[in-house]
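Undergrad: Sequence:
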Amino acid sequence: MTDSIMSKAATMEIPINSNGDTGTLPEDDSLEQAAKLQWSLDEKDLQQVMVSGPNLNETSIVSGGYGGTAEGIIPTSSIKGPAVHYNAAFNKRIPLTGLGSSMHHSSSSSSMAADEATRGVAVEKLETVKKWGLNTYKCTKQMISERFGRGSRTVDMELEAQIEVLRDTKRKYESVLRLARALTNHFYNMVQTQHALGDTFADLSQKSPELRDEFGYNAETQKLLCKNGETLLGAINFFVSSINTLVNKTMEDTLMTIKMYESSRLEFDAYRSDLEELSLGPRDAVAMARIDAAQQQYQIQKDKYERLRSDVIIKLKFLEENKVKVMHKQLLLFHNAISAYFAGNQQQLEQTLKQFNIKLKPPGDDKPSWLEEQ
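Letter 48 of the sequence shown, counting from 1, is numbered 48 in UniProt numbering, and no numbers are missing.
Mixed in with the good hints, there may be bad ones.
Under the rule of at most 30 Å between Cα atoms (straight-line distance), these lysine-lysine pairs were calculated in the DSBU-like manner [as the list claims (entries may be wrong)]:
{"no.": "1", "residue 1": "Lys141", "residue 2": "Lys130"}
{"no.": "2", "residue 1": "Lys223", "residue 2": "Lys354"}
{"no.": "3", "residue 1": "Lys227", "residue 2": "Lys359"}
{"no.": "4", "residue 1": "Lys302", "residue 2": "Lys130"}
{"no.": "5", "residue 1": "Lys354", "residue 2": "Lys131"}
{"no.": "6", "residue 1": "Lys125", "residue 2": "Lys138"}
Keep in mind that the hints were calculated from the coordinates and are not lab data.
Given only the sequences and the hints, what does the whole structure look like? Please build it.
TA: Take a look at the structure:
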């Protein structure tokens, strides 16, 4: 009987209360507290317990109360089945089996797609740099050959002469524009001086009774000259603005097209020389493949050269017509305005501005508003 009591004592478990001290809680009270603890755990606490708690494979589940046999202890490692996640808020159990493998599969597939896209962009950039380097080498070789007289170049004598005339005309018009701006600045300073002089004469006519009439006549004359000078300044500013548009926009646009044409001519001659060199070489399979590729590039550059050449011819024609119309109008305006001003014909000067639809800005209109200054 002593042996049976000792064997039961060996299998008895010592309950532990919430303070970590040993106690003799009844079996029903311990089960009730365990059930309450399980239902009170929320999702966050359960995750913390799962992360920081002990290994579940080393724990055991006891069936039975005090004094039960050893057969009532079931190792958790022997429990089979899918893992579940307990959601206390909704009283549901969510299976976790397969989540890790599916997330790993999706992340690996997305990383592979990103690598493929990056590799494709890198290959495309490398191919672009390769083509640019080859084209630059051929054009540089052709340019050096032309400078040293060893290479041939395509020349359009008539078109080259027209381009040279345009460049010379642009230089001369730039000189006219620079001189017209200088005239505008000097004349503006003269008008401002006349305005200040007229104000001084008017002030002196009020303070000098013995010379009131003489100062008054001069003040009126300076004010009239100032008014006519401002009218002439409006005409000259319109002339300068039109010349500036013609030189720095219209002519410059045509010259930009000419630069593109000259660049395409150099590329065309470079690929033409390359094709001629390959044609003089051997005729094996590899050489024939290179000749075919060079022939295709030559045709592409030829089409580009002819297209830009046609664009230059058209723009030169339109530029000449536009230049004649603009300069005819502006030179007539400049002549009539200058003649009327120095002749003292105020009516003719105003009529000239009306003829060319020139509107003068009122005094003080040049000053920006407070909103524009912000």
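Undergrad: Each of the hints needs a verdict: does it hold here or not?
TA: The hints, checked one at a time:
Under the criterion of a C-alpha separation no larger than 30 Å, the hint pairing Lys141 with Lys130 is consistent with the structure, at around 17 Å. As the CA atoms of Lys223 and Lys354 are separated by approximately 22 Å, the hinted pair is consistent with the 30 Å bound. Using a Cα cut-off of 30 Å, the hinted pair Lys227 and Lys359 holds, with the two alpha carbons roughly 14 Å apart. In summary, the hint linking Lys302 to Lys130 is supported, as the alpha carbons are separated by about 21 Å, within the 30 Å threshold.
Restraint check for Lys354 and Lys131: the C-alpha separation of about 59 Å exceeds 30 Å, so the hint is violated. At roughly 20 Å between alpha-carbon atoms, Lys125 and Lys138 fall within 30 Å of each other, so this suggested pair holds.
The structure fails to meet hint 5 from the earlier list, while all remaining hints are met.
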